[in-house]
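S.K.: Chains as they are written, first to last, in my numbering: chain A, 660 to 925; chain B, 255 to 416.
To be clear, the hints were calculated from the coordinates, so they are not data collected in a lab. Since this is a predicted model, take the numbers as computed values, not measurements. Beta carbons: idealized from backbone N, C-alpha and C, even for Gly.
Taking lysine-lysine pairs in the DSS-like style, the calculated list, with each CA pair at most 30 angstroms apart, reads:
| id | chain 1 | residue 1 | chain 2 | residue 2 |
| --- | --- | --- | --- | --- |
| 1 | B | Lys307 | A | Lys922 |
| 2 | B | Lys307 | B | Lys281 |
| 3 | A | Lys922 | B | Lys281 |
Reference excerpt, derived from the structure (chain B facing chain A, CB under 7 angstroms, subset only):
| id | residue |
| --- | --- |
| 4 | Leu260 |
| 5 | Phe267 |
| 6 | Gly271 |
| 7 | Ser274 |
| 8 | Phe275 |
| 9 | Leu278 |
| 10 | Ala279 |
| 11 | Val282 |
| 12 | Leu285 |
Heads up, incomplete: computed chain A residues facing chain B, CB under 10 angstroms, no partners named:
| id | residue |
| --- | --- |
| 13 | Gly715 |
| 14 | Val716 |
| 15 | Leu824 |
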Amino acid sequence: MPLRTTQRSIQLVGDRTLRIVERIGAIMVFLGMILMRSGTSFRRFGLVIREVFFAGVQSLIIILVSGLFVGMVLGLQGHETLQNYGSEESVGVLVALSLVRELGPVVSALLFASRAGSAITAEIGLMKATEQLSAMEMMAVSPISRVVAPRFWGGVLSLPLLSMLFSAMGIIGGFLVAVVLIGVDDGAFWSQMQAAVDFSHDVMNGIIKSVVFGIAVSAIATFEGYEAPPTAEGVSGATTRTVVSSSLAILALDLVLTAFMLKGWN
Amino acid sequence: MERSTLNLWVGFFVLLGFFSFLMLAFKVGNLSAGGSGSSYSVVAHFDNIGQLKERAPVRSAGVLVGRVSAVSFDLAHYNAEVRLSIDSHYPFPKDTSASVLTSGILGEQYIGLDAGGDDKMLKDGDQIKLTQGAMVLERLIGQFLFNKAQEGGTTDKGGSAK
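Model the full assembly from the supplied sequences, consistent with the hints where possible.
M.R.: Laid out in structure tokens, this is it:
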């Protein structure tokens, strides 16, 4: 009897693992399909601009405000710890490096996944549930090139811009707290930051990360919407899955990218 | 929403993103500090470089004049070969000496350059002949103990001679 339950539980683990691998594979195939049918998005760039508006411009407020707050908290916490070592001026370095390398790309991608990714999934899922996608196919319009690809490219273009705005806002927030509020020296704050932050190693790597996250989040969001069961329940489940799996994908990809960026690519 | 309003907002968004990129590059990063300016590279051999890494600063009189571009092991001399890339704004005499120094007690290691008095200047690909490697704490302590023991021996001898 216990042998049987052990067997069952191992079977369950195997089943789950296979499903996850299957899903990753399906997302990759879907990504390839989007890339192959992206021609329309670039010929009619207005479609992509519309999606940049919905994914990017409408996420501006949440990104700017959270960036400012994250930077302010980093400034406060960093100052609190650094003053024990008598190096309050390094708070600029701490704020800038943590934002540009990690927090900017990762937190803005997480916010983007829950703010814009879920909206993309819900929209495409509802279009499928109300048979708008089938109607398009009936008219010989490919829903992937007309509906999915513009949303994908809109997300891929928006996220790097949003994450740069997040980092910039965070650094302004850190500046406000450390220099204006606490009174760390203005010149030392910026000059130490400039000495420590390297353009290609820190800033560019952060942007590369956000491009990768943008591709991952947009692919997952469009995939979940496109594959959602055409019911109210199915769409709500797909929206949840978008947020959960994009967050996991962002964090896992971040670990891999960081490891390569710090230890070199070979 | 009307097309022109949409374009206006997206244009605003893209410009905002572009400005934040410029801020990250020039105000936060070191792109303005002439990182991409022209430089010349010289080679220096050290017995020991300690924890010196690529991209470590090269300073002279405390001012940043360049960076370490490569660190490798020289099989011909069995010592460390360090390639320095120095900003072309700062020519150094041929008999400049280089040493591996540490900033602060626990700080990072960097290369310090002390200018010599030669008329000729270092050119691209030249070698810095006068070098001093990193201080290794164990060797330093060992040397100190050795000296102390020798000192003790000589004073003892001195005492017995008296």
